[in-house]
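**Student:** All chains, please: the whole structure from these sequences, using the hints.
Here are the chains, one letter per residue:
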Amino acid sequence: MFHRESGYYKTTYAEDGALYPLPIAKWTVGILLALFVVLPPLTTAVTGALAAEYYISIVNLILIAVVGAIGLNILVGYTGQISIGHAGFMSVGAYTAANLAVKLDLPFWITLPAGGLMAAAIGAVVGIPSLRIKGLYLAIATLAAQLIIEWIINHTPAISGGSQASIEVDRPAVFGYPLKTQRELYYFLLLFAVLAIVGALNIVRSRIGRAFVAIRDQDIAAEIIGINIFRYKLTAFAISSFYAGVTGVLYTYYLGIANYENFLISTSIDYLAMIIIGGLGSVLGAIFGAIFVTLLPILIRLFMETFGTLFFTTAELNNIIPAMRLGIFGLLIIVFLVLEPEGLNRLWRNIRSYFRVWPFSY
Amino acid sequence: MEWEFTLLLIGNGVLIGLMYSLIALGFVVVYKATDAINFAQGEFVMLAALFSAAVMVLMELPFWVAVIVAVLGMVSFSFGLERVVLRPLLGRPVVAVIMATIGLAAILRGLGPMIFGAETRSISLPVGDEPLRLGPFILQPVQITGALVALAFLGGFTWFFLRSRMGVAMRAVADNQQVAMAMGINVERYFALAWAMAGIVSALGGVVWGAMLGVDVHVSLVGLKVFPVVILGGLDSIVGAVVGGLIVGIVENLAAGYLDPLVGGGSKDFAPYVLMIIALMVRPYGIFGKRKIERV
Numbered sequence: 001m002f003h004r005e006s007g008y009y010k011t012t013y014a015e016d017g018a019l020y021p022l023p024i025a026k027w028t029v030g031i032l033l034a035l036f037v038v039l040p041p042l043t044t045a046v047t048g049a050l051a052a053e054y055y056i057s058i059v060n061l062i063l064i065a066v067v068g069a070i071g072l073n074i075l076v077g078y079t080g081q082i083s084i085g086h087a088g089f090m091s092v093g094a095y096t097a098a099n100l101a102v103k104l105d106l107p108f109w110i111t112l113p114a115g116g117l118m119a120a121a122i123g124a125v126v127g128i129p130s131l132r133i134k135g136l137y138l139a140i141a142t143l144a145a146q147l148i149i150e151w152i153i154n155h156t157p158a159i160s161g162g163s164q165a166s167i168e169v170d171r172p173a174v175f176g177y178p179l180k181t182q183r184e185l186y187y188f189l190l191l192f193a194v195l196a197i198v199g200a201l202n203i204v205r206s207r208i209g210r211a212f213v214a215i216r217d218q219d220i221a222a223e224i225i226g227i228n229i230f231r232y233k234l235t236a237f238a239i240s241s242f243y244a245g246v247t248g249v250l251y252t253y254y255l256g257i258a259n260y261e262n263f264l265i266s267t268s269i270d271y272l273a274m275i276i277i278g279g280l281g282s283v284l285g286a287i288f289g290a291i292f293v294t295l296l297p298i299l300i301r302l303f304m305e306t307f308g309t310l311f312f313t314t315a316e317l318n319n320i321i322p323a324m325r326l327g328i329f330g331l332l333i334i335v336f337l338v339l340e341p342e343g344l345n346r347l348w349r350n351i352r353s354y355f356r357v358w359p360f361s362y
Numbered sequence: 001m002e003w004e005f006t007l008l009l010i011g012n013g014v015l016i017g018l019m020y021s022l023i024a025l026g027f028v029v030v031y032k033a034t035d036a037i038n039f040a041q042g043e044f045v046m047l048a049a050l051f052s053a054a055v056m057v058l059m060e061l062p063f064w065v066a067v068i069v070a071v072l073g074m075v076s077f078s079f080g081l082e083r084v085v086l087r088p089l090l091g092r093p094v095v096a097v098i099m100a101t102i103g104l105a106a107i108l109r110g111l112g113p114m115i116f117g118a119e120t121r122s123i124s125l126p127v128g129d130e131p132l133r134l135g136p137f138i139l140q141p142v143q144i145t146g147a148l149v150a151l152a153f154l155g156g157f158t159w160f161f162l163r164s165r166m167g168v169a170m171r172a173v174a175d176n177q178q179v180a181m182a183m184g185i186n187v188e189r190y191f192a193l194a195w196a197m198a199g200i201v202s203a204l205g206g207v208v209w210g211a212m213l214g215v216d217v218h219v220s221l222v223g224l225k226v227f228p229v230v231i232l233g234g235l236d237s238i239v240g241a242v243v244g245g246l247i248v249g250i251v252e253n254l255a256a257g258y259l260d261p262l263v264g265g266g267s268k269d270f271a272p273y274v275l276m277i278i279a280l281m282v283r284p285y286g287i288f289g290k291r292k293i294e295r296v
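Protein chains in written order, with the working numbering: chain Y, 1 to 362; chain H, 1 to 296.
Treat the hints with care, since some could be wrong.
Cross-link-like lysine-lysine pairs, in silico, DSS-like; alpha carbons within 30 Å at most [what the hints assert, rightly or not]: (1) Y:K103 with Y:K180; (2) H:K292 with Y:K134; (3) H:K268 with H:K290; (4) Y:K134 with H:K290; (5) Y:K10 with Y:K26; (6) H:K290 with Y:K103.
Think of the hints as simulated: they come from the structure by calculation, not from any bench. Quantities reported herein were computed from a predicted structural model and do not represent experimental measurements.
**Tutor:** Here is the structure:
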């Protein structure tokens, strides 16, 4: 990731598909992971406990978004099937886990996979039309799925838990010890983010991932070379929705409440924006996108609260900030689509290839 | 009594359905000519409504000025949009165009309230608001106006695409861009023209819907109804937009009348989508749509 590649050429397929392209990559990943592990105590030491709690809560949001963005990227970036209904799958996961946790008093290591699997099942059902329809039609079908899931959850008290369609959930407990602070929750979320990253990297470099890419690039040709399109499209939907369901569960545990208002169409669009800004068809891109899109509204708010007070009253600011967030968001999507379709990941690659032979020109 | 209730629901469904097709026509014209999918159609309508509200409420000018301003504003807006955003995306995957228009929708929904203010403004059409009683039907004048405008556009577009030279050229562009170019048709100009036509439809749709709902950011939500309409009718069919609109209008009114007491409300927004899912499974290219044959 940060190491310089030079004088190393891949001569076998096994090398090409390896998880670590170079031996040194293991070191980079190891050091990065170690940095993430010591991040909370480090932040606490630098800023004090209270501020650290706030900063780590933002990092936690990013970790949750990373899981969802990687999942969506498997479907949209790798398989080429668009979904505008991913927040719907997230709410399926969230409510499944919340109901299991509250009504049956189950621990997170049951509710989390259960939420993911439930979302995967629903996602596979939504994916069934993808055999016949694609592109725009699929976009609209998934949009419909989003609205229908929203409506069903909202109108079924058995799922949504009655008033205001929200269920309160306790924080997850590890060996009977509840994770109360953000810094404790951080390790819980970090574990799943790492699992999601490793899982996705292994999917996309294996047979399944290659089949996904073949379907994306030319589905009829893929069928002719012996890929069962129906099965792989449904697999893509199921895997992607599983990630989405897990994201929903993680978010529910993070907030301590399952509420469908956190999973509206706007959330689906946020996640689509993440993978477009980050880079379609790349795990690293999804991570970049998740970081960028999660930080953007926080930075806008910070900026406006610092400088905006010079021009506007507080009441006006409360109207302007969400509107501005939405506007900048849309603008960024369009700018990236028009100017840099491969997203932040491409910019990162450009920087890297510049430094590959630096300071020599060839 | 029961059949009168049904008739009343159907009558209102027809009117509201025609108003839906007014919005859907803009979507269909763009898709027909340029293969571009406009997920911001609802926001187009909102923008037009904001234009007319700005003229009528803030500047207190008469109604016809508002209509002219809305039309001119929307035409120049869609010209610019085609030029700046959609032309660079030509030949890119369909996901890119979908996302670009979704991004555009976000921009409009963000900027609209920032520029025009967040409060709801009411604009009124010069048709009065005394409901018209006709046998079992009780009809709102705003809705009748909207339905008539939609029918006028249906006639106008049908004539345009079948009879006028430009309309025939536009159909050629839609059918095969390269061949159209070889025949000496300026394809890019017709793309711009298609977007301008969508702008005109949205402008009038915005005035009518704005008068019915009140002008604020929520007007854009009618855009969500466009998809069931166009999928049912066929994405590239003008007649399909009207028929699809009628079906959606009638179905959602019947659902609201008969299902709402059973499920506790909201089936109006739910029923069209269920219908659309069924349509996608059975006949994805719609009632009047053209079936696309795909080759490697």
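**Student:** Does the structure break any of the earlier hints, and which numbers would those be?
**Tutor:** 6
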